[in-house]
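Peer 1: Throw the hints in and build the complete structure from the sequences for me.
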Amino acid sequence: MWPRTSAAIVVVAATSALMLAQALPNPDGIDLSGSWAARNFTDAIGNMPGGGPRPVDYLGIPLNEIGRAWSLVYSQSQVSEPERICDYYAPSYIAIGPMGLRIWPESELLTGYTTAWMIGGWADFVPITIWMDGRPHPSAYAAHDKSGMTTGVWEDDVLVTYTTHMEASMIRRNGVPSSDRATMTARFSRHDDVLTITARIDDPIYLTEPYYLTRSFALSRAPLNPATHPCTVTNEGVDAERVPHYKPGQNPFVGELTELYGIPQEAVLGGAETALPEFRKTIKEKLRAAVEVRERPGEHVRRAWDVPADRLAIWPRSPHFNSQGIGQGFKTERLGQHIELAVVHGGNGFDIAGCQEDGQLRVPLSISLEPAAGRSRLRAS
Amino acid sequence: MDAHHRRVRAWTATAALAAVVGVTVCVPGVIARAQGNTSALEVLQVRPNFYMIVGAGANIGAQVGPNGVVLVNAGTAEASDDVLAAIAKLTSQPIRYIIDTSADPDVVGGNANLAKAGRNITSFALGTNRTTVAGLDLDAARVLSHESVLTRMRQAPPGGKSPFPSDAWPSETFEERRRTMYFNDEGIEILKQAGAHTDADTIVFFRKSDVIVAGNIIDADRFPMIDLARGGSVKGEITALNRIIELAIPPGPFVRLPSGPNATARLQGGTDVLPGHGRIFRQIDVVNYRDMLVIVSEIVQDMINRKMTLDQIKAADPARPFKARVRRDVRSVDDERFRGSCVQEPDQCHLIERSRTVKSIAAAGVLIVIALLAMHGEGQGQGRGNNLPPSSARAAAPFDPTGYWSSLITQNWRLRMVPPGKGDYIGIPISAAGKRTADGWDQAKDEAAGNQCRAYGAPGLMNLPTHLHITWQDDNTLRVDTDYGTQTRILRFTPSQGRGPQSESTGVSATRAESRKRSWQGNSVAAWASPARGRGGPPSARYLRIATTDLLPGYLRKNGVPYGDNASLLEYVDLFREPNGAALIVWTAVVDDPVNLETPYIISSQFKKQANGSAWQPTPCSAGW
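Residue numbers (the numbering used here), protein chains in the order written: chain A, 13 to 393; chain B, 4 to 628.
By construction, these hints were calculated from the structure, which means they are not laboratory data.
Bear in mind the structure is a predicted one, so any value in this text is a computation, not a measurement.
Be a bit skeptical, because a hint or two may be false.
Said to hold, decoys possible - Straight-line distance between alpha carbons at most 27 angstroms, and here's what the computed DSSO-like set of lysine-lysine pairs gives: (1) Lys238/B - Lys317/B; (2) Lys293/A - Lys438/B; (3) Lys612/B - Lys293/A; (4) Lys438/B - Lys425/B; (5) Lys298/A - Lys448/B.
Peer 2: Quick look at the structure:
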């Protein structure tokens, strides 16, 4: 009698619990899964595929003196060091990179509980696992993986992630560094079919205060390929054991933004104050001069490419190209004795060719990606 | 230049580098460091059979297997009891070998105690019996090193005695460049590196485990310790780092990872490099370390070539870019949450946690049902403590947006802080028709026509460098003022929208405001909204959703990039609070204009909460600056 009664009570209780659970809010937050196409308008300059910002453009970054000094020492040819050719960006690349995101949950089979959210990889970015099971972050002495260590929690309907154990990388794609002590707190906020990621990067080594970035994505019906591209090391013109860099005071790009746009040096070299509206007023007269400098359309683009065609190099690495120049299926179109722009659609992003001159890699900057409009001088044959 | 002069020149460069970056570490300095707190060791599992012991002086590598334990480095003498206790938790097998990677006190200090606690592979002693001859324990574990380590350890200063007692000296040495052994089913290479951080460095490579113990050639926490007095050199240090880079293999290439059922597996692969101090390195970390040293040394050499004096070089501080990078407290990251065995085996930790969770759930099953019932009851009563919806938008607000806010221009700075030049459309999905309009933009005409505010309309306003002052005009109307251009946006909540959250499928997008007079800021209808949930249930409002219509044609950017009178504007406003109390508003706008844009223009702006309005400086609209 009693066993039957007990069993009945258990069945009723369990059924009630299940029914109630159906009526309760989803403990796993909201559904973020899907292919999210990048809408690189918020950081058009920083996220332009293959282009990115000019070599010395630290505008709006809360750099400290050490971070600024390291940024000025950095040469973009470092990416062509043999050991770096197949290196990948740190997870903070979801905030600074140009790529779309493929997101999906990993769930326990029986309960459906989401143990992790996954963000697929890209050409130079490995997949990220966002652990949702409450596991701790590893010891400070543990190795830093390409994917870092990311945990997540739901705050209301916002997925808040915390990433540690990132490799030293960069927070702007012109070499502004992030150290291996940097951490990232990211908020994934979905509104309708728009996903906005707000990232806060803390770096006690290079930044004076947190660096905030946002990126927006639109839900795409066309699935993004979440695969990380395979990579092979080729000779990109930097000899083994050579470390391209600029000596202090010798970075040739320091005055570039001033020359092209009239932006004064105290802004170009960054600092927390440069991100505030009132900074505009502190350098009012100099910035007014900048308005007068306004570049002639296309002029600055050509400057970056004003190098001999035989110095062509490829960046980033791509299976479509090899180190000897243009890969199969593409040909160059010369502009006098020089080669100009090279932008080619491919995969889930763009493949970009660059030029190399005197060991310094030049990449296209400030270029509207409109191959259909005939901007590209590199075309499929 | 003859050989002598080249040597002098090289030494001068090294000395100058040492002077400016402080790479020289005298022995007392090492001892002082070695005498730190040794009571709390950390043991990290690097591989199934390989561990790193931290906190006993130099990092200790421990290969554990059926044949016994091979230690690389012995740590300090003071910490050796703790090291033995840590090893006893890993295995019952005895220590067979101790391999010293240098003669530093934090490397060899524990030799004697650890060796005595171990038992060498030729020992036939039974139980606790030991064979001693002239005080020498013949059963002790072998202490293996390059001959140069022994030389340094027994080298007495003039008139003094050797810095280490004889029972701490290596019991087995080699002079060749490479010594190998096969132990615990693994090949081990001990590689001599001449003149790196000292003249007695070796690298130990465990080939099957794919682990390199680099010793004090690498100090992950600071510049390398290059001890000129003991034969160290910058060139040798760089050579040693290059050798480690050559031996190490980075992870990858990652071919279509991850997908399928193992998608959450940790990305495996790559050589682990155990430095003398600090965290585990990967190959790219060694590359970074090498590059740092190469760059600093080349900068110093360049200064020497330019005839700068040592004082001038020190004043120029050529190592400045790297100084902060290597001064750190390695225990600062989540140290309190560290659980030793979980470091490299997160899945095991997960299983442990799950096991605990299952037990807890089983024990508290009835309580769960009760809790669900209670939660359900609470859910029914949502609406701030009663069954009635909030009486106004202000009462229903999920966050308080009021106060002063400052835009943070961390992205697109050049396009936002300085009016871009004519024809600069970067980052805008502008159509051919939009381009034609933008190319015809004439700032003077706008000024003459009194249209200076065309770039200050709602679609572009939030992206401008401005402060916001947000107030409740009444219980159902939010007012947003900007000091840049002195614009005012009125965000009206309709009574039904103000009282509760709107799901996105039934929100304001379906609500069209009555046709009113067009203006730069248009007519904005606001609602507190919530994303649609997968399982339904009563959503709680999380963000502000604003639909704006009746806009006058204006500019998305101050250089005349247009939006027309058919443009629509949908905005989402999130407010995030930081643990330190700081608040951030993220204002995401979706501008749709079928004439001037090829796709919707989605752009976000960030605003940081200000303590007061001290930075508020109203400035009128300007067609140019």
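Peer 1: Does each hint hold? Answer for all of them.
Peer 2: Comparing the hints with the structure gives:
no.: 1; hint: Lys238/B - Lys317/B; in the structure: holds, 20 angstroms
no.: 2; hint: Lys293/A - Lys438/B; in the structure: violated, 31 angstroms
no.: 3; hint: Lys612/B - Lys293/A; in the structure: holds, 20 angstroms
no.: 4; hint: Lys438/B - Lys425/B; in the structure: holds, 10 angstroms
no.: 5; hint: Lys298/A - Lys448/B; in the structure: holds, 25 angstroms
Hint violations for this structure: number 2 only, all remaining hints satisfied.
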